[in-house]
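J.: Turn these sequences into a full structure, and let the hints guide you.
One point on numbering: in full-length UniProt numbering, the residue at position 264 of the sequence shown is 264, and numbering is uninterrupted.
Keep in mind that the hints were calculated from the coordinates and are not lab data.
Be a bit skeptical, because a hint or two may be false.
Said to hold, decoys possible - List time: in silico DMTMM-like cross-link candidates among lysine to aspartate or glutamate, alpha-carbon distance up to 20 Å: (1) K318 / D163; (2) K179 / E102; (3) K301 / E264; (4) K223 / D279; (5) K318 / D293; (6) K294 / E101; (7) K99 / E109; (8) K306 / E317; (9) K72 / E32; (10) K179 / D279; (11) K103 / D118; (12) K19 / E32; (13) K103 / E75; (14) K4 / E29; (15) K294 / E109.
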Amino acid sequence: MNYKQLTQAERYQIYALLKAKHSQKEIAEILERSPSSISREIRRNKGLRGYRPKQAHQLAKQRRQSATKSVKITEQVQGWIKWLLEQDFSPEQITGRIKLEEKLSLHHESIYRYIYQDKAQGGQLYKSLTRAGKKYQKRYGRYSKRGQLVNRVGIDERPAVVDTKSRLGDWEGDTVIGKGRQHAFVTLVERKTLYTVVRRIESKHADITADAIIDSVMPLKEKVLTITFDNGKEFAQHERIAQALEADVYFAHPYASWERGINENTNGLLRRYFPKGTDFMALSEEEIQAAVDKLNHRPRKTRGYKTPYELFTGQPEKLVAA
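T.: Structure below.
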């Protein structure tokens, strides 16, 4: 049976019956509607002063007018899906970006079905899901062996505005360890936009780490207000970093990786391209930058399916292939 939209008259009836203390089940029986329809109507269209029929009808009307049209997986949409899967987008990121750019509504479960139908026919699209879905396991350092950092300023002293992610310029920094624990990546992520900068370092010596951070972020200096690091000794020259970038540097609490959760998550995304045991020194600069570009040009659900690049630069991108 097809669902029929509630009329304005029915909404006035619902209002009157609610005033008369009828239950939602009783209202459904009187209007010959399903209880779920009545429950949904009241839940979605109730205002600050309760359920009011005129307001409810207007809200429902606006919702229908603003709804994007549904789309089937046509040949053109198949092309979009294949292209975006090649860019390591998840099905949810694909649907979010198609809706943002093309104003077309497609459920991510439809993409999963399409992928597994392709697999049944001998296709390879499912391999993109394996690449995009591998979990990242956080390494836990031993703070007791790291020692205290001189003139360290704790996260408790950091301005409260940083927690809100409402301004551009607040960064988180960390390192990702390569094969044999000799080489590493320095990773820096801007909290509001998720824009990521990565620099390879031949060792985690404090002077080398500081040089890499200053060199990689200096072109973005005007967009650097604070940096929050973990407690690794590689960040011992934090005062030199702060002076060079004219930024404030803070340190998270020991064993509190959630205080730099954005950076931790980004490191996990980077590990999908360079798994544990990868010899970072065997990688070309082009390989490293290609992975970073994918992170910066991938839509993020938490940012309305906009990309870090779009949010950081203010320049819109066209990601869905025409």
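J.: Could you run down the list of hints and mark each one as holding or not?
T.: Each hint, compared with the structure:
1. K318 / D163: The hint is violated at about 31 Å.
2. K179 / E102: Cα-Cα ~43 Å, so violated.
3. K301 / E264: holds (17 Å)
4. K223 / D279: With Cα atoms ~32 Å apart, K223 and D279 exceed 20 Å; violated.
5. K318 / D293: holds (15 Å)
6. K294 / E101: holds (18 Å)
7. K99 / E109: holds (15 Å)
8. K306 / E317: Measuring from Cα to Cα gives roughly 9 Å; hence the hint holds.
9. K72 / E32: Violated: K72 and E32 sit about 32 Å apart, past 20 Å.
10. K179 / D279: holds (5 Å)
11. K103 / D118: Roughly 25 Å between the alpha carbons, so the hint for K103 and D118 is violated.
12. K19 / E32: holds (19 Å)
13. K103 / E75: holds (17 Å)
14. K4 / E29: holds (16 Å)
15. K294 / E109: violated (23 Å)
Hints 1, 2, 4, 9, 11, 15 from the list above are not met by this structure, while the remaining hints are.
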